[in-house]
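Chains as they are written, first to last, in this note's numbering: chain B, -15 to 276; chain P, 27 to 380; chain R, 116 to 350.
The hints are simulated quantities; they were obtained by calculation from the structure and are not laboratory data. A quick note: this is a predicted structure, and the numbers were derived from the prediction, not measured. Take these hints with a grain of salt, some might be off.
Distance ranges between label pairs, derived from CB positions [stated by the list, open to error]: (1) B:V61 with P:R215: 43 to 49 Å; (2) B:V61 with P:D188: 56 to 62 Å; (3) B:G98 with P:L118: 55 to 61 Å; (4) P:R140 with R:T333: 45 to 51 Å; (5) B:R64 with R:T333: 46 to 52 Å; (6) R:S136 with B:L262: 55 to 61 Å.
The beta carbon of each residue, even a glycine, is placed where N, CA and C say it ideally should be.
One letter stands for each residue in the lines below.
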Amino acid sequence: MHLFAIYTVDGITNGMVYAAVALALVMIWRATRIINYAQGAMAMFTTYIALIVIRHGSPYWLGFVVALATGLVIGAVTERVLVRPVESRPPLNAVILSLGVLILLEAIAPMLFGGQTQSFPTPVSNIDFSAGGTTLDFSPFDLFTVGAVLVAMLLLFLVFQRTTLGLRMRAAAFNPEIARILGIRVGRMLTLGWGLAAVLGALAGMLAAPSVYLYPSNMDEVLVFGFTGAIIGGLESPVGAVAGAVGVGLALSYVSGYIGSDLAPLGGFVILVVVLMLRPQGLFSFGRQRQV
Amino acid sequence: MSSVLRNSTLVRHGLFFLALAGVLLLLTSFVFDPYTNYNVTEVAIYAICTAGLTVLTGINGQVSLGHGALMMIGAYTTSVLLTWHPDLPLILMLLASIATTAIAGAIVGIAGARLRGPYLAGATLALAVALPQVPSHFASVFGGNQGLNVPTPSPPAFLGGDFSPEEWLAWITLAAAVITFFVLANLVRGAIGRRFRMVRDNEVAARLSGIDVARTQVLAYMISAACAGLAGSLFAYWVTVTSPSGFTLNLSLSLLTAIVIGGLGSLAGAVIGSFILVYLPVWTGGFASSLNLSSNVANNVPLAIYGIVLIVAILVFPRGIAGGIASIVRGAGRIVRSSRGPTALPAAPESPSQ
Amino acid sequence: MLEISDLTVAYGGVVALEHVSLSVPEGSITAVLGANGAGKTTLVRTISGLVKPRSGSVMLGTQQLVGRSPEAIARLGVGHVPEGHGIVSELTVDENLRLGGLWRRDRADQRVAIEEAYELFPPLRVRRAVHASSLSGGERQMLSIGRAMVARPTALLLDEPSLGLAGGLLAQIMQRLVALVTERKLSVLLIEQNARSALSVANQAVVLSLGKVELRDTAERLAGDDALRHAYLGF
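Just chain B, with the same shape it has in the complex (with noise of 0.2 Å):
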């Protein structure tokens, strides 16, 4: 019973974690209908610019603002400089194109900054509590990780739904050809929702680090794993996208602790297509049937 307490936390712990980067699938996707598979390596990469300036001395909260606002350049001119080409091409050519820069980032961040595993620091203690005597099965940094994901939550749903750029945002996804004879510089906000959804990456990335360390394809089974999340979610609907995240989360530390954690990935393979095939348009997916 208390093993399964202590799966459940890191299933939720990891599930957030995967939830942060199944939202950045689900952003990219409603607004250009294109999986970006290299947000997992484009938040390894914020996350190694991080270490550097940690490294140098800075304090954490720097290294985390440095690597969030990396990721919203680097998201930004992606779309700008690579995507835009192929937004209006068949799908194949962003998934190529998409795997080229997985590819190329994760050929770039060994000749930058080395290719072997290394450790990332936390803001607050890795520790489980302890209250009384006992250790509960929770630390500081697991209600951080849980916190960061949920304030980021609250703040794009804020953005989204309460600010005229949020309103300009969800047109430009919704409708780009209503939108544009609307006013709206449709080409600026997809930009824009390519950067945001890389800040969120970029904050998977500073949260998953010290659990999985840092090395060049550290963020390859927690890409999936998002992917997962969101697919199981639909796609179209940023809670489904959560709630699927977490479940996998959960799903997999189960899996991890009761059966082997070689396989846990296995078994999100085995989720991810059990329920591709009884609702192939994701589970919170209603109405819109997009082209699955």
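Go by the hints and put chains P and R onto chain B.
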């Protein structure tokens, strides 16, 4: 009438590949040194896999990021069987690997038959990341991270006692490649290839003309998986140690790069792509060491180049270089015409959709 | 004043519009009539920038529209009410209306403009917080027109507003609009297959056939001349 034509295509293909086989035989026996034979074997192995992959993606339109995992299934099938019974004949191992991987391909194909585009890509990506960890878990069967050893096949007696095993493996692999390409070439030109294309271009129309779309998709996957399985089996013999580290996500991404370079759907392009896949690290490795670059840089130059190539290829030649030579010419013509001509933004009434 | 001169548009080899010229004076409604495929929608989409012409010019006052992006054209004062109304169903009625003038800097005037849109189409006010997907056909058309008006355009392009609307409803909507047209000196281009209802509100009429201008006349004359009407409009 059509059967005569078909037969003549078959005959033409048959003659071509027979001649090709002959040329390769001569080259490997008398021209290539052992090191080149070694590399050529590797090229042939990848070519077998990329041929199947380019048919799947280029002609049938299904994306797969999991072909590295499928190769792994083929490799491990052979390796596990050989670990139990080291004397099993090679041809049996090849067939066994083809069988198991084709079955796996069928399973993935069935699961993926309703998936399109990014959904299918994501599912195969999940497979590519997940499968390499399975051998680590069932270490007793699969040898864990150290892997399983695979003996190099020894040449048959009639070739003489001092016939090099590398050359023998090169012959086998090249023969397998020639046969694979012969089969695929006929398939691509035949009814099955037509069905693949129809489903790729317009699923609704294909269904309306009576094509069982799901079955077509599964068939395409099985065929490409069979190729991956054959390649995987030969790969096991060639690398002599089958371990998870040989089948990372990078392998799947490299295979995809190879078919993009060569041109999606082009069998000749699959060979070109495989050639680059093998020789690029060789060339850049030599180049890097002459510049005294650190291993961190040197080892990753090929990958960086793949990334750049994919990005550039898609931006400049949306259909890959082999298709790209034709499209450069056509593209130039289009540029000349479109300087006066109209362009419609994608939402125009007649714009084609995927 | 919207001035279209010698406009030629082709899609991949098919010529949709050929040397089309027409003027839409201020404070008037010009109906563009013709059968399906005559090029009417292409004309509108070219003016609003969604389609690039092969040659010709579109002038809004002194500004050349050809070559500009759709967003730039909208910001110059062209309101486009697209075929099939084009409301964003995921947004509420109020959000749809606000979309119309988001690019304008005068926020105070924006709020006034939105209020005016509700005045123009009272049924919308009741449903302002409702998702646009649950509106009826008539309400959607009202929303689409109201949305275009919020930007205070100088030119208004209406593409087949009657589609899916009962005849009486369209007349009602158009009546409300007619007053605004003269008051604000709007240049209105009205694309319609339903020639009868279009002619009842328009000042001028142009008949397109296979991409060319076949007939140009005042609406009154065209509606009154039976032979002409019969020949070009089939009724």
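Right, here's what the structure says about each hint:
| no. | hint | result |
| --- | --- | --- |
| 1 | B:V61 with P:R215: 43 to 49 Å | holds, 44 Å |
| 2 | B:V61 with P:D188: 56 to 62 Å | holds, 60 Å |
| 3 | B:G98 with P:L118: 55 to 61 Å | violated, 46 Å |
| 4 | P:R140 with R:T333: 45 to 51 Å | violated, 58 Å |
| 5 | B:R64 with R:T333: 46 to 52 Å | holds, 50 Å |
| 6 | R:S136 with B:L262: 55 to 61 Å | holds, 59 Å |
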